[in-house]
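Visitor: Sequence:
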Amino acid sequence: MTTPDEGWKITSALAAITDEAALNYLKQYFGIDEWAGREYTGAHFDSFVGPGPDRLTAEDIIAVACLSIHVPARAALEILGNESGEISRLLDLIPNSALEDVPFEAHDKWFGEGSPSLLFWRLLRAHYNVGATTASKIMARKRLALIPVYDSVIGRLTGFPTANGTWRAWHQAFSTDVEFTDRLRSLREAAGLEHVTLLRILDVVLWMHGARGVEGPEGVDDSEGA
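Residue 1 is where the sequence shown starts when you use the numbering used here, and the numbers rise one by one after that.
Source of the hints: derived by calculation from the structure; they are not laboratory data. Misleading hints may appear alongside valid ones.
Simulated DEER-style distance windows between Cβ atoms [what the hints assert, rightly or not]: (1) Arg122 / Arg212: 30 to 40 Å; (2) Ser97 / Arg122: 20 to 30 Å; (3) Asp92 / Glu113: 12 to 22 Å; (4) Thr18 / Asp92: 39 to 49 Å; (5) Trp35 / Ser88: 32 to 42 Å; (6) Glu34 / Leu93: 42 to 52 Å; (7) Asp19 / Thr176: 17 to 27 Å; (8) Arg74 / Thr176: 37 to 47 Å; (9) His195 / Ala15: 34 to 44 Å; (10) Tyr128 / Phe104: 27 to 37 Å; (11) Arg212 / Thr41: 34 to 44 Å; (12) Thr57 / His195: 14 to 24 Å; (13) Arg185 / Gly31: 13 to 23 Å.
If you're wondering where the values come from, they're calculated on a predicted model, not measured in any experiment. In this text, a Cβ means the ideal position worked out from N, Cα and C, and glycines have one as well.
Start from the sequences and build out the full structure, keeping to the hints where you can.
Guide: Next comes the structure, spelled out in structure tokens:
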């Protein structure tokens, strides 16, 4: 059975947020202007020093912790130890590209059954208590412009109760809707965040909008998904 294309859920979620609100979210999250020195810890997720795109190391686990995600010690030992060679092999096969630059027609090749991205996802999910949110944030750390983050806040705002179907939806939105990506570029430029990927710009805007009034740490939970 073919998965329906639901990119409209992603574009609609952004369309419901004004430019003024989105820009304020970005400035608050990244500690810009009046928010200087009060940035969210997640502002360091992209920039925390790491070994490069094709190796998963302890520095990446620390970066994921900036999003208030705790990778269980036993899982971390497996991921960084016994599974490190396989993870590096898979990462070498996953393009280090921006989602908006990968043609939607190539979605199944890079994200579908048998793809290196899905194999990496399943490897992470196979280990102790690594749920969909943790797995998505580990993968996003290694492919900042390609792999979207999933958690309950993003899921609720975009209409995805689990991570199922989210890769396809985000990919369709980013690769087929020029008005949508142009708006993200404009927001990024207005905030002075040209070094941040469009995927991360959207993630931050949606999360900040959806988390208003939510008490607790930045990483809301580890909602399950495929």
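Visitor: Against which earlier hints does the structure fall short, listed by number upward?
Guide: 9 and 11
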